Amino acid sequence: MQSVARVSLVVVLFAVVQQVFLLGVRIDGVHPDVMVLLAIAAGVIGGPRQGALMGFGAGLVADLFLPTPFGLSALTGCLVGFAIGLSTVAFDDSAWWLPTAAALVGSAVYEVGYGMLGVLLGQSQMMHVDYAAIVLVVALTNSILAVPAARLVGWSLPTSQVESVPSAMSSPGIRR
Amino acid sequence: MAKPRRQHRPRTTLVILVLASITLITLDARGQLGSVTSGLQSVASDAMNPVRSAVDAVVRPIGSFFAGSVEYGSVQRQNEKLQEEIGALRQQVSERSDAVQRLAQLSELDHLPFVGSLQTVPAEVIDENASNFEATIGIDVGRANGVALGMPVVGYGGLVGQVVEDQRHTATVRLVTDGQSVVGAAYGKTAGALAVIDGNGSGRPLTGDLVPPGTVLHRGEVFTTSGLQGAVYPPGIPVAEVVSSRTAPSASQESVTLRPMAQLGGMAYVSVVLWGPPS
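Taken in order, these protein sequences are the chains called A and B. Quick note, the first sequence lines up with residues 1 to 176 if you use this note's numbering. Quick note, the second sequence lines up with residues 1 to 279 if you use this note's numbering.
For the record, the hints were derived by calculation from the structure and aren't laboratory data. None of the values given here were measured: they were computed from a predicted structure. Using N, Cα and C, we set each Cβ at its ideal position, and we do this for glycine too. Some hints here could point you the wrong way.
Stated by the list, open to error - Pulled from the structure, derived: some chain B residues nowhere near chain A, Cβ distances all over 10 Å:
1) T13
2) A29
3) D110
4) H111
5) G203
6) Q253
7) P277
Stated by the list, open to error - Restraint-style ranges between C-beta atoms, simulated for each label pair:
8) Q2/A to G146/B: 44 to 50 Å
9) Y131/A to R143/B: 32 to 38 Å
10) V4/A to S255/B: 37 to 43 Å
11) P50/B to V119/A: 32 to 38 Å
12) D46/B to A95/A: 40 to 46 Å
13) A99/B to L9/A: 32 to 38 Å
14) A132/A to V43/B: 21 to 27 Å
15) L120/A to V43/B: 28 to 34 Å
16) W96/A to S255/B: 34 to 40 Å
17) A132/A to A231/B: 33 to 39 Å
Unchecked claim - According to the in silico footprint, chain B covers these stretches of chain A (three or more CB under 8 Å from chain B):
18) 3-14
19) 38-50
20) 75-83
21) 123-132
22) 143-155
Full structure from sequences and hints, please.
Have a look at this one:
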């Protein structure tokens, strides 16, 4: 129950940061997108199942503020969270660079995947966006924010569900 | 060293979540989820707006202050005390000029000649491009103010877009530059010269379709909404002006590039036209 409250708190915190602060930050017309960082961090810290669950939940919250089809962020988020969890399972859990690298790659995959799924769902405007700029801005900002995000997500996840925690990310809330 | 992780049937979880997502997307597309999602979006939007407004009120003058400070870097280096005074003064000026600019935009909305006798609701722009994949703005009026889906939104200069989501106290407007935007337009002095203006994404020029090859279009010529029967916009609203026009060899239509008449970047206020297509 406590972990549900913590996860909810972290997701709401990220949503507020995204909506209040980051929407106004424009780099080449593109704003950062930190909601996907939740799925990526949960995937790195908790494994594929936690990544998928966090991606789905955070995606649903993100969808509340987006004009795109409801559920699209949740679908992309759970796929990316799962993929990140699966692909990082074999890495050394003490690697300090893991969350940053996962954020870099995961964010790029998320943005491209989001656009492709959107086009498949009839969102033709998604064919007319500058993917290079979106991927670059979102991936770079998320890689910068990956370490604090991973700490927060590590704190929020239930300890029994934490499957691997990079030592650099360990926090009092995580029992390794 | 990598260590084995506990497996909680992650693939089963993923399949369930993917199916749940697809179900939500399908229900949303069919409109069967409309009242639920719209209600949740209204609650989320209403909860976020006060926070956003408060932060914006603090951040906007500071942003203007820093923007202004860059121009006076040499002065700042000469005297730290003077820098503080200049900074404080510039902050005041920025605040005032920002307020004056916003006031000017608001008063301009009261005198839009192309709106005529149509009833409008002024709205403040509360966010811009909530998604990197859409050219949209959020406005601070919604169903409670008489705003409904499909209503045209205008700004200084011309058509801004159309309401595509309406919550209780907020709404989302798809800009004419969005890739999904299509506007039926008229041009030239002769009646019956019609075209379709397509958006190509945020920050990109518009495209004029269905203009017959060989049509003479001059730079700056204005396309207005056609207002044909069944059109989603009332007639006579300026949409875009011609930037370039050329006829490609053996093309079935002119290749027309247009620029939106409304200043879509940095808008503070817009007006929602309380108008719907005649049934």
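Requested in this report: Please settle this one: Q253/B was flagged as non-interface, so is its CB more than 10 Å from every CB on chain A?
Outcome: 19 Å, holds
Requested in this report: Run the C-beta distances from H111/B to all of chain A and say if the shortest one exceeds 10 Å.
Outcome: 29 Å, holds
Query raised in the report: Is the distance from the Cβ of V4/A to the Cβ of S255/B consistent with 37 to 43 Å?
Result: 57 Å, violated
Query raised in the report: That 32 to 38 Å hint for A99/B and L9/A (C-beta), does it hold up?
Result: Taking Cβ atoms as reference, A99/B and L9/A lie about 36 Å apart, which means the hint holds.
Query - V43/B and A132/A - C-beta distance against the hinted 21 to 27 Å - result: 36 Å Cβ-Cβ, so the 21 to 27 Å window is violated.
Query raised in the report: So is T13/B really clear of chain A, every C-beta pair being over 10 Å apart?
Result: At about 5 Å from chain A, T13/B fails to clear the 10 Å cut-off, so the statement is violated.
Query raised in the report: Against chain B, does the stretch 75-83 of chain A show at least 3 residues with beta-carbon separation below 8 Å?
Result: holds (count 4)
Query raised in the report: Would G203/B pass as off the interface with chain A, using Cβ distances and a cut of 10 Å?
Result: At roughly 5 Å from the nearest Cβ of chain A, G203/B sits no farther out than 10 Å, so the non-interface label is violated.
Query raised in the report: For A29/B, is the shortest beta carbon distance to chain A beyond 10 Å?
Result: Given that some Cβ of chain A is not farther than 10 Å from that of A29/B, nearest at about 6 Å, it is violated.
Query raised in the report: Does D110/B really sit off the interface, with its C-beta more than 10 Å from all C-beta atoms of chain A?
Result: The claim holds: D110/B sits with its nearest Cβ about 27 Å from chain A, beyond 10 Å.
Report task. For the range 28 to 34 Å, tell me whether the beta carbons of L120/A and V43/B fit it or not. Result -> 29 Å, holds
Query - Outcome for the supplied range 32 to 38 Å, where the beta carbon pair is P50/B and V119/A - result: 36 Å, holds
Checked against the numbered hints above, the structure violates hints 1, 2, 5, 10, 14, 16, 18, 22; every other hint is satisfied.
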